[in-house]
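Protein chains: 2
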Amino acid sequence: MADENRATETDDLLDRVDAAVEAGDRAALDAALEPMHPADIADLIERLTPGDRRAFLTLYADGIDGDVLSEIDESIREEVLEQLPRAVLDDAVREMDSDDVVDLVEDLDDAERALILAALDAGDRAAVQQSLAYPEYSAGRLMQSEVVTAPEHWTVARAIQFLRAEEWLPEQFYHIVLVDPRRHPVGYVTLGRLLASRSDATLRELAEDSFRTISAFAEEAEVAYVFNQYHLISAPVVDRDDRLVGVITIDDAMQVLDEEHEEDILRLAGVGDESSISDSVMQTVRQRVPWLATNIVTALAAASVIAFFEDAIAQLVALAVLMPIVASMGGNAGTQTLTVAVRGLATRDLSRANALRVVRREVIVGLTNGVFFGVIMAAITWVWFRDPGLAAVIGSAMIINLLVAALAGILIPLGLNKLGADPALASGTFVTMMTDVIGFLAFLGLATAVLL
Amino acid sequence: MADENRATETDDLLDRVDAAVEAGDRAALDAALEPMHPADIADLIERLTPGDRRAFLTLYADGIDGDVLSEIDESIREEVLEQLPRAVLDDAVREMDSDDVVDLVEDLDDAERALILAALDAGDRAAVQQSLAYPEYSAGRLMQSEVVTAPEHWTVARAIQFLRAEEWLPEQFYHIVLVDPRRHPVGYVTLGRLLASRSDATLRELAEDSFRTISAFAEEAEVAYVFNQYHLISAPVVDRDDRLVGVITIDDAMQVLDEEHEEDILRLAGVGDESSISDSVMQTVRQRVPWLATNIVTALAAASVIAFFEDAIAQLVALAVLMPIVASMGGNAGTQTLTVAVRGLATRDLSRANALRVVRREVIVGLTNGVFFGVIMAAITWVWFRDPGLAAVIGSAMIINLLVAALAGILIPLGLNKLGADPALASGTFVTMMTDVIGFLAFLGLATAVLL
Chain A
14 MADENRATET DDLLDRVDAA VEAGDRAALD AALEPMHPAD IADLIERLTP
64 GDRRAFLTLY ADGIDGDVLS EIDESIREEV LEQLPRAVLD DAVREMDSDD
114 VVDLVEDLDD AERALILAAL DAGDRAAVQQ SLAYPEYSAG RLMQSEVVTA
164 PEHWTVARAI QFLRAEEWLP EQFYHIVLVD PRRHPVGYVT LGRLLASRSD
214 ATLRELAEDS FRTISAFAEE AEVAYVFNQY HLISAPVVDR DDRLVGVITI
264 DDAMQVLDEE HEEDILRLAG VGDESSISDS VMQTVRQRVP WLATNIVTAL
314 AAASVIAFFE DAIAQLVALA VLMPIVASMG GNAGTQTLTV AVRGLATRDL
364 SRANALRVVR REVIVGLTNG VFFGVIMAAI TWVWFRDPGL AAVIGSAMII
414 NLLVAALAGI LIPLGLNKLG ADPALASGTF VTMMTDVIGF LAFLGLATAV
464 LL
Chain B
14 MADENRATET DDLLDRVDAA VEAGDRAALD AALEPMHPAD IADLIERLTP
64 GDRRAFLTLY ADGIDGDVLS EIDESIREEV LEQLPRAVLD DAVREMDSDD
114 VVDLVEDLDD AERALILAAL DAGDRAAVQQ SLAYPEYSAG RLMQSEVVTA
164 PEHWTVARAI QFLRAEEWLP EQFYHIVLVD PRRHPVGYVT LGRLLASRSD
214 ATLRELAEDS FRTISAFAEE AEVAYVFNQY HLISAPVVDR DDRLVGVITI
264 DDAMQVLDEE HEEDILRLAG VGDESSISDS VMQTVRQRVP WLATNIVTAL
314 AAASVIAFFE DAIAQLVALA VLMPIVASMG GNAGTQTLTV AVRGLATRDL
364 SRANALRVVR REVIVGLTNG VFFGVIMAAI TWVWFRDPGL AAVIGSAMII
414 NLLVAALAGI LIPLGLNKLG ADPALASGTF VTMMTDVIGF LAFLGLATAV
464 LL
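As given, the protein sequences belong to chains A and B, one line each in that order.
For the first sequence, our numbering assigns the number 14 to the initial residue and increments by one for each residue that follows.
For the second sequence, our numbering assigns the number 14 to the initial residue and increments by one for each residue that follows.
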């Protein structure tokens, strides 16, 4: 119900926005957008067709501030940036936190990047450039450089006095990072705990157990894992010398977690991992063709196996009727195992420590399911074709293929992971190629040996 | 590299824990576990085999505190609870936040639940029972009832003074919720902003723009969406009368986001959505059999289509060789579209507002890919079988099936969503059944009409 209502509201809103844009009525557009959160305005812009988007931006350009700009999806960001007047863009960029500016400019070419960074004052620009010096998808790119620090010998009273007197404090902060004289972080204190404690307690006494630093070179997937695993709200980021260079807050980590999920799910399905609902036809085709091309090659491999048994099929056409069932069951069982393995690797529930045990479990599950569905398929085949030999053949092929599915489904992602590749990438194609080839080979081979 | 190191460390640690448990050496076990975070201890317990787990818990029972207990995965929670001595369990439960106790007891039967709640004092027990009165998977179950509130006319100085003097404050809090005299939340102030502001400013002036309340009856998926979309750190939860009943913090929302994603990815693969790497063989078989059983039915439907064309295959065995390629390409293309659609629905990027446009795009993409791969397969077939008629047939069948794949891949999840069902559930089976049946039908039907 709530969803329905929201959907209707969104549609009403879209209609009002469309009407205002068409009429060139800026006042009506402002009225429609005024109550909206910047994230929702950005979503609305993403949902427009490219033509409507251009009309929208022409009318509303100076309404695009830093909050909206930092929410715009990568897939249409360049398009939006190009259409914003220089002055609007400069104002928007100046409003943004350093980590949002990094996110905005990191995919631009040098000239465009320089143009945008020129809007910043020297200090902010230096912060952004420091972040950009770290590798893509690293903690250094995620962090914001604005950090509140204090020495650990300070008392609560002094820390509160300092914060109360300080002119400059970040928009959002939840901790004070405790640093030694060389700016190595040694702990942190939550603001809640600070406020709740005796005035004469030292910050050292209030430091949280959960304290841990993150290397600026850590991969962002690692950052998301650490935040999720240890329920962190923010974490100090350090350089190679363990010196404090910034801080990552949980809202950024949550966004990374969401993006990592998206990547896993899209890669498993063989869709380019940057695809989004607002992509154009050509972008979509470009993302999907490579995987379909890989699939046509693996499908041809499976077809070659069948071609090898053309004579057998010519003698007993029932083989052609039944063979896709063996392959399909293998493909499904393999995908099940594969998905559990990919997910286990992503959450680190699957590691070298228990890999052997999981492989053993999958093999037993594969055998159990193989025997179960093998018997069922044998019974169906017996009833359908009245041929006990054929029934025995399909039952045996099913057992073999579900066993192969289990092995391929667990060993291929473990192997890719071992090699340092993303196990979600291409695993699906490899696994179904295995189950297709082995499925046809086992069924048609056994049939040739036993029946003909 | 970091991952490798960590993996090795984890394995070393597991070896030390194993050795200590085997030797019954509690001191060595304490030494191994002492530096570990409770979340990591919980993971370690999950990774043990059931037998090792029993030995571990016998030796380490009184080491299990509230922090470890609240991190233990649902799949082994009951097993662990049964093995803990009463006194240890009571102490652990008393240490936990109300939302963690709710999470711990919500799946237990009434008797077990009462036993655990008996450990709490009356006030805490009432808070847990209030949460449990809300539906499963609702915001009411996620929230903690400990909230710091203040009237909005207070000045900064007064609020700070209040917090400094207050005896009781929650472990973690990041905002003060502003309430009116009837306890309706009207805004919130971050602690950082409070500390950074003039002493005579009122809390009303400092309230955040991003303020929004969450209904205790909202689904937890909705909670995760709202936190992620609006970058919330915490949000007040209200009852039907808009009265404040608790607060949800982002770390809980992040965990829900992670679980929702797990559900999507596992459902898309046809694996029961509660499966985990530590499940036993029998649990795993039970989760996977229903989907394989569904698949055998759909595979039989596809086989029946083939059986209908037995005579055609007997005349031209090449048909049997090529038909799986048409089906396989359709299955892959359908899964691509399906995954993008399921993901789009989950992130709300796909809604009624743009559904028509996305359907149109998918149809054009399906046709484009169909023509592209149809031409390629026609060329390959011509070279392979030297039969221009067969080449034309497979090319046409490919176009038809990739078009059907696109339609099925987008319309089936949209339809399930419209009906209020999870689009990730069962979509995969429906889509591949469509592409298998239509793939075989189009290819064999065209071949019969044109070639024979």
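One or more of the hints may lead you astray.
Across the chosen pairs, the derived CB separations fall in these ranges [claimed, not checked]:
1. A/74 to B/369: 52 to 60 Å
2. B/91 to A/392: 16 to 24 Å
3. B/65 to A/142: 47 to 55 Å
4. B/78 to A/139: 51 to 59 Å
5. A/389 to B/464: 34 to 42 Å
6. A/124 to B/78: 38 to 46 Å
7. B/108 to A/295: 55 to 63 Å
8. B/392 to A/39: 35 to 43 Å
Treat the hints as calculated values from the structure; they're not laboratory data.
Idealized CB from N, CA, C, for every residue including glycine.
Quick check on a hinted range of 16 to 24 Å for residue 91 of chain B and residue 392 of chain A, using CB atoms only.
37 Å Cβ-Cβ, so the 16 to 24 Å window is violated.
Taking 47 to 55 Å as the hint, is the beta-carbon distance of residue 65 of chain B and residue 142 of chain A inside that range?
The hint (47 to 55 Å, Cβ to Cβ) holds, given that residue 65 of chain B and residue 142 of chain A are roughly 52 Å apart.
Assuming the hint says 38 to 46 Å, is it satisfied by the Cβ distance from residue 124 of chain A to residue 78 of chain B or not?
violated (57 Å)
In this structure, is the beta-carbon distance linking residue 74 of chain A and residue 369 of chain B contained in 52 to 60 Å?
violated (28 Å)
Does the hinted range 34 to 42 Å hold for residue 389 of chain A and residue 464 of chain B at CB?
holds (35 Å)
Taking 55 to 63 Å as the stated bounds, is the beta-carbon spacing between residue 108 of chain B and residue 295 of chain A within them?
With Cβ atoms ~57 Å apart, the hint holds.
Taking the CB of residue 392 of chain B and the CB of residue 39 of chain A, does the distance hold inside 35 to 43 Å?
Distance hint for residue 392 of chain B, residue 39 of chain A is violated at roughly 55 Å.
Has the hinted range 51 to 59 Å been met by the Cβ atoms of residue 78 of chain B and residue 139 of chain A?
violated (46 Å)
When the structure is compared with the earlier hints, violations turn up for hints 1, 2, 4, 6, 8 and for no others.
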